[in-house]
Structure formats: C-alpha cells, structure tokens
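Enquirer: Chain by chain, the residues run as shown.
There are 2 protein chains.
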Amino acid sequence: MNIVLLSGGSGKRLWPLSNDIRSKQFIKIFKGEDGSYESMVQRVYRQICQVDSDARVTIATSRSQVSAIHNQLGEHVGICVEPCRRDTFPAIALATAYLHDVQGISEEEAVVVCPVDPYVEQGYFEALKELGELAEHTWANLVLMGIEPTYPSEKYGYIIPADQERVSKVSTFKEKPDAETAEAYIRQGALWNGGVFAYKLKYVLKKAHELIDFTDYEDLFEKYDTLEKISFDYAVVEKEDDIQVLRFSGQWKDLGTWNTLTEAMEEASVGECMLSDTCENVHVINELDVPVLCMGLKDVVVSASPEGILVSDKEQSSYIKPFVDQIDQQIMFAEKSWGSFRVLDIEDESMTIKVTLNPGHSMNYHSHERRDEVWTIISGSGRTIVDGMEQPVTAGDVITMQAGCRHTIIADTELKVIEVQLGKEISVHDKQKFELEQ
Amino acid sequence: MNIVLLSGGSGKRLWPLSNDIRSKQFIKIFKGEDGSYESMVQRVYRQICQVDSDARVTIATSRSQVSAIHNQLGEHVGICVEPCRRDTFPAIALATAYLHDVQGISEEEAVVVCPVDPYVEQGYFEALKELGELAEHTWANLVLMGIEPTYPSEKYGYIIPADQERVSKVSTFKEKPDAETAEAYIRQGALWNGGVFAYKLKYVLKKAHELIDFTDYEDLFEKYDTLEKISFDYAVVEKEDDIQVLRFSGQWKDLGTWNTLTEAMEEASVGECMLSDTCENVHVINELDVPVLCMGLKDVVVSASPEGILVSDKEQSSYIKPFVDQIDQQIMFAEKSWGSFRVLDIEDESMTIKVTLNPGHSMNYHSHERRDEVWTIISGSGRTIVDGMEQPVTAGDVITMQAGCRHTIIADTELKVIEVQLGKEISVHDKQKFELEQ
Chain A
38 MNIVLLSGGS
48 GKRLWPLSND
58 IRSKQFIKIF
68 KGEDGSYESM
78 VQRVYRQICQ
88 VDSDARVTIA
98 TSRSQVSAIH
108 NQLGEHVGIC
118 VEPCRRDTFP
128 AIALATAYLH
138 DVQGISEEEA
148 VVVCPVDPYV
158 EQGYFEALKE
168 LGELAEHTWA
178 NLVLMGIEPT
188 YPSEKYGYII
198 PADQERVSKV
208 STFKEKPDAE
218 TAEAYIRQGA
228 LWNGGVFAYK
238 LKYVLKKAHE
248 LIDFTDYEDL
258 FEKYDTLEKI
268 SFDYAVVEKE
278 DDIQVLRFSG
288 QWKDLGTWNT
298 LTEAMEEASV
308 GECMLSDTCE
318 NVHVINELDV
328 PVLCMGLKDV
338 VVSASPEGIL
348 VSDKEQSSYI
358 KPFVDQIDQQ
368 IMFAEKSWGS
378 FRVLDIEDES
388 MTIKVTLNPG
398 HSMNYHSHER
408 RDEVWTIISG
418 SGRTIVDGME
428 QPVTAGDVIT
438 MQAGCRHTII
448 ADTELKVIEV
458 QLGKEISVHD
468 KQKFELEQ
Chain B
38 MNIVLLSGGS
48 GKRLWPLSND
58 IRSKQFIKIF
68 KGEDGSYESM
78 VQRVYRQICQ
88 VDSDARVTIA
98 TSRSQVSAIH
108 NQLGEHVGIC
118 VEPCRRDTFP
128 AIALATAYLH
138 DVQGISEEEA
148 VVVCPVDPYV
158 EQGYFEALKE
168 LGELAEHTWA
178 NLVLMGIEPT
188 YPSEKYGYII
198 PADQERVSKV
208 STFKEKPDAE
218 TAEAYIRQGA
228 LWNGGVFAYK
238 LKYVLKKAHE
248 LIDFTDYEDL
258 FEKYDTLEKI
268 SFDYAVVEKE
278 DDIQVLRFSG
288 QWKDLGTWNT
298 LTEAMEEASV
308 GECMLSDTCE
318 NVHVINELDV
328 PVLCMGLKDV
338 VVSASPEGIL
348 VSDKEQSSYI
358 KPFVDQIDQQ
368 IMFAEKSWGS
378 FRVLDIEDES
388 MTIKVTLNPG
398 HSMNYHSHER
408 RDEVWTIISG
418 SGRTIVDGME
428 QPVTAGDVIT
438 MQAGCRHTII
448 ADTELKVIEV
458 QLGKEISVHD
468 KQKFELEQ
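Line by line, the protein sequences are chains A and B. Numbering follows my numbering, in which position 182 of the first sequence is assigned residue number 219; successive positions increment by one, without gaps. Numbering follows my numbering, in which position 78 of the second sequence is assigned residue number 115; successive positions increment by one, without gaps.
Everything labelled a hint here was simulated from the structure, so no lab data went into it. Think of the CB as a built atom: it goes at the ideal place given N, C-alpha and C, for glycine as much as any other residue. Among the hints, a few may not be true.
[To be verified] Partner residues aside, some chain B positions facing chain A, computed with beta carbon under 10 Å:
1) K68
2) D71
3) E170
4) H174
5) M302
6) A305
7) V307
8) D326
9) V361
10) Q363
11) M369
12) K373
13) S374
14) R379
15) D385
[Unchecked claim] Short derived list, chain B residues pointing at chain A, Cβ under 10 Å:
16) V103
17) V118
18) S306
19) I414
[What the hints assert, rightly or not] Distance condition first, Cα-Cα at most 25 Å in a straight line; then the derived DSS-like pairs of lysine-lysine:
20) A/K335 <-> B/K49
21) B/K461 <-> A/K391
22) B/K453 <-> A/K391
23) A/K276 <-> A/K49
24) A/K358 <-> B/K335
25) B/K266 <-> B/K206
26) B/K335 <-> A/K335
27) A/K211 <-> A/K260
28) A/K290 <-> A/K276
29) B/K358 <-> A/K335
30) B/K192 <-> A/K391
31) B/K213 <-> B/K239
32) B/K206 <-> A/K461
33) B/K358 <-> A/K453
34) A/K468 <-> A/K453
35) A/K49 <-> B/K335
36) A/K453 <-> B/K391
37) B/K461 <-> A/K453
38) B/K49 <-> B/K65
39) A/K461 <-> B/K391
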C-alpha cells in the first residue's frame, strides 16, 4: 500500500511537550511493545509496517519536522517536504506528484491518505489497506473511512451514507454540527469523517492539474508558495459525486488535548513521579530529571518539560492555546536529524547547551559571527573539524572556537558535548553553513 | 538587646524548596521593602535591626547552615555553631556560654531567645525588647512571650497565666491538647507558647553548669557531642517557679507547611507563572527559569525548584514528609558562603554545574582524586590558582584541571563559571582541602 501520512503543524495544545518546533506527534508517551516509550508517529509507523511490511510510507510535512522524523523513524522513511504551509489540497497534490514523479508509482495504484496521529488499534490499518484496494478496484473516485460515532460529537464532520452496508455510496457530507443535530445524524446512520481516504493516483493528479498550473513535482514544489490555501475537502471531496465510504467500528481516538491524550496513557505517569493515595484521575508526564510529587489532586494533568510546567484541570486543559500563545520563550529542547540539544543555562552573554549526537552523525560545518564556543566532550568518541583541521576527540577533551572559525563534530559512537556559547548577541540565526572540503 | 535566633534543621515539609541542606528559613519568598524577595531569616533580621539598630544578633545553628547565613545576612552576623544536633537545652546553653565567653556579654544582661522563622509584624520585635527589659529588671528568672490564641490549635503548648494582666506570673504549662481541651484553656485565658523567652545571662549559665560538667564555651563546644538530647522546656522551664509571661496579641504565624506559608504570600505567585481565571486559591512558587501554567485548579500549591516539583492540595500538603523521605536525590542547588552552585546535567561519568561566586570570595583551595574538571568562565573577572600558579581570568577563559591538581578561583567581580566534572566516581566527598601558600 502507498500511504501518505499528513504530519501537521505545531501543537500548542499539548504544551509544554509540544511547541513551535516539536509537534505532538513526536512526544514519546506510549508504552511500546518492548516497554520503552514511543511517540504517536513511531506508534503509527510501527503499526503500518506490522499490517503491511511492504507499505510505502511517505510523510507529508514541513521542513521543520524533517529532523525529528529522521531521528524517530530512521533515514529510510519517505518524506515529502512542503516548502511552506498551504492547507491540505496543495499538500496532497504535492505528495501525489512526489509519488508519481519521484518514487515512480503507477497512475493506476491507490494512495491512502491519513493523519499521522490517530490513536488506534491494528484493525484500523487493516481497514486502510482495504480502503486502498477499494480505490483501485471499484467505480468510486474517492473511498473514505467513516468512523462509527461513539457519541454525538460537535468536533467532527459527518458522512451520511446512502445505505447501511459496510461499504456504501456517500449520500452527503455535513459540517461540524451542534450536539442535537449530531444526534439526529447518528440516528440516520451518519459516520464521523476522520480525514482518511484513498484514491487512484491518477485521479488526484488530474484534479491537481485542473486546479493548478504545473508540469511536474519539481515545478509544483518551486511554485508551492504561490498556491492558494484550500482544503482537500473543499477543493475535491465536496465536488465529487462518486464517493464510497467504508465503515470502521474499531477503537479510534483523536489525541488533540491533554484530556484525550491522558485517556490513552496506560499508566498514570511517565517519568519520575510520586502520586499520593489521595490523588484521583491524575496523570503526570515528566520529561525532567527531577521528581514530581502530587498530593490530593483530582482530575488533573501535570506535564513538565525543559520548556515549562503545566498543571491543569483536565477539562480546562482544552483552553490552553491563548495562554501558550503568550509565552515567548527560547526553545529549550530540540530533536535534530543528528541527535538533540537541550539548553542548560541562559545568561546575558552566554548560553550553555548539552548536545547529543547519534553515532555516525555530525552537525553541519558552520561558523558564527558573533559568538565564541567551547566544547567539552563528556562521553563517547568522534572527530572535530575546526578550520579544516580534523582531530579525534573523546571524553574530557576541550575544543575552543573563536567567532568566525568554521567547525563541526562527527560522532563515531554516541557523543555528548557541553557547549558554552559566549557573546553579546547569541542567536540561532547567527550561523553560516559551509561545504566540507575533503 | 542580645538576641539568639534558633535556626533549626532541614525542613522537608517545604520540599522542593527546602531539603537536607536548605532549610525553609532561607527560601526567598517574601516581598521585601525594596520589591525584591527576602527569606524568613532575612525578613526577621531586617525587622530586628529596624526595631533595635544596636541589637546583637547571634544565630544558633548547625555547621551546614553557616554558608547560607553568611550569604544571606553578610559576614558580620554572629553565629554560634552547634557541632551536632542536641535539642534546645544544649543549644541555648552553648549560645549563652558563647555570648559570655566569646562576645564578653555581662552576666547581668538579658538574652532573648526566639526561633528564626516567625512571620510577624514589627510589634513582635518591640515585644521581644520588652521581654529582655523585664528579664533584666523584674524578679522572674524567665520571661516568656504568650501569644493570644486565634483558634483552639492542637499544634501548640499553652501557658496558663495567674491573672489577666499584660504581664503576669505563669501559673502552669499545658502540653499540646486536643481541640476541646484547647478551647477550655482559652476560656481560662491561656496563651500559646511560641518558644520565645528571655533570661538574665547568668541564670542560664548557672543552669547549664548544674546540668553539664564544663568549664567554658570552648570546653562545652568540645564535649557537645557527648551531651544528652534534652529540650529547654523540659530541662529548665518546667522546673522553674519564677516565670512571668508577657501577652502578645499582634500577628504571629508559624509558617511550617505549604498551607500556612502560602497564606503569608502577598501575591499568588513568585517566579515565572500564569494562572487562568478559573484558578481559585492557587499559589505558585517557581524557582526555575521556565514558565508554570496553571488552569482550573482550586486550593492548590505548586512549587518548582531545581530539586523537583510539588503539586498539592493545600490541606494535603501537611502530609508531605513521608513522600520526601523517599526521595534520595543529588542536591541540585546549594548556597555556599562564597556564592552558590546549581547542577545543570548529570551523566554516568560527568556532572555539569554552574558556579556563581560573590565578589571578593573564593572557593577553598582543593583537589579531587577521582575526577578532572573543566572551567569555562561565562561572566565576570577574577583569578584562578592551579597548582600554585595564579592567573587572571575573564569571560571566555577555559581552565582544565587533571585529577590531583590543586585549584581555586577568586572572584574580583561576581564571577560565573560552567564547571564540567569528568570521572567514573564523581562524589561531593572526593575533595581534599589545602592551605594556600602565599
């Protein structure tokens, strides 16, 4: 199966674990099969591979997520980078052109599109496979997954099927209704629209050419920033008559708020934590190295990360966004394609960070105009290149770099470094990248 | 006035702000007169000096608090160090001998003894002064402060005065009663015993010599660890007939738990914090550099420090001790006589700390057997001495020290240093101190 996972933008609603550069799908919060924790994207990727070991997975996302995706899923996953955010129709058009022009997928093959972050059972991915098969072999131009509603939600759009069969023609779509209308829809047999669908590659390619003037993937990529922001639902789905829907009645959760996310946690806490017996329905996600102690709380979520600490009533947690919008803070932790960094200390004219490089990886070869740097290697071994000079390094070695000096570090084993940045105007934007002459 | 402030032991009940090495009296939580925050000990010391600028203040405490006291009150405050903990009678005997033998105070002068951490108005210290004057000039051997009860507390001992005068003879003492008995006492005119009293120096000196075989302060200090643990109440107060009590009806609070401490806070939060409108009776004390966001909480205290994070119902917070006893953690922050340090990162074979030295101060000249160290100066200027060699240092300088090498750093201005410790067995006990040969 060809599957495109839409990996959306910054998820402030799960602050402090998600922020401008870390989206919720990368938070490691679910107990995986080997007991270690995995993120939503890792969980979904693992589930897809278990259902279809030949699945061709392409993640449609922005440039800012590429490092985290490679870090969590490895180098081999397909990534279709959107040069900028342009809603779902341009994103799906670009991913479709990418599959056709870059990956060489036949126009007759089906493509399944799915968000990157549903919290679901294995059966969901069986259903995705079936969705693709239907798209390849039936009369419909689009095949949607319709989720059996468990309550009259106001959060979802509804699909009204023509009949009660497992696979049926779609009669009409309804926008997010109020609870009463939702109840009426459900009595008519309506299904939730979870944004999951399949099509024959050539169908979306044709739609894309109808609506956008482009030649191929590369051309579309080049002019991506000029495209109109428009959703796939609006541009394609609502105008299409030949749509089928496949009913799905298994577990399906949209983990968009702390309230829903904590419902999916298998344990009351992740990370170092103590809960008194007087706590009731309390969840703690602690990414810090120090303990969290909770006493006498009810219906509360506590989340601590290098970015900050949230303590919220679970219901109230869905109103978090305006508060997080007010926080204008230095990014304290980030996953990069080569590893990760964490800010340890900030002063007026210095910043101290801890850098962890994965084995075999290296930073870009770069320099800074307005800061000196000192690296102290605290574990592992590798090599540094400073102004063209390569030298082996290991724990205890210290490398000092003046502003302007070009430098990188290459990890042979996992390598951890304390980096002290010194200067009056320390900024992530003060970075010039260079090609390594080797 | 001669005043002895009893500065008690580790206060786990205010974890994570207090711990084995930082007692609650050193937490900077009260808005001082200039808008900056002050600790209990700073507040009390300031209040005493305002009431009596000639007051001779002596803090009776353990060795572990000396650094924090000097750091918060300066070098000039008197400190009487107890070599080990031996309850209040030995502590008061030692402090009294110290005042007589070291400070040269006359036997005829009064000494006022008071805990270091009452949360009170200025009038309280006026009353202390009066207490001293009564001790010097009346017939009583002991003059106690009796606090007008505001409710039938089960937490305090009660003083039953012989009459209802402002100053009266004490008829008897009652141990901590149950609420019903407390109410009966209060109807009889009983007062709370806040552990505050005054005596003529010679009176306690005589009692000390009756109960302990010693010659002078130095001798008492030497044999301090052989002394019996016994309270001043039990050894002296309960056996004395000639006791007066002075009524005090002003504000008096004992800030021993998060619940009572937060009642004394003038603002809902100290440190970086956001509270939603849906929060009610919520207090936050955040010592970290990242924001705390609270939503929809009621009657909750949140406290975050480098040691950990507490989120507790206020009532429940008084049951904290057994939980904190379970935490066996590296000390993450400490005040020292020369400044402070904070642990930034811990790995198996390294530890990274930030050291702040106050101007004019220096570390001990010392070495480590089992670890190397790297200092990167991030701000200020001063001098390092490494194996006898002195050199000036300023921001950007890096000093590497092998295990065994003797070193110190002297701050000319405030000096901040990132120290990376490297070795297999990093321990605070791996430290040999040396005299500087200069």
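Enquirer: Which hints, by number, does the structure contradict?
Expert: When the structure is compared with the hints, numbers 1, 2, 3, 4, 5, 6, 7, 12, 13, 16, 17, 18, 23, 25, 27, 28, 30, 31, 32 and 33 turn out to be violated.
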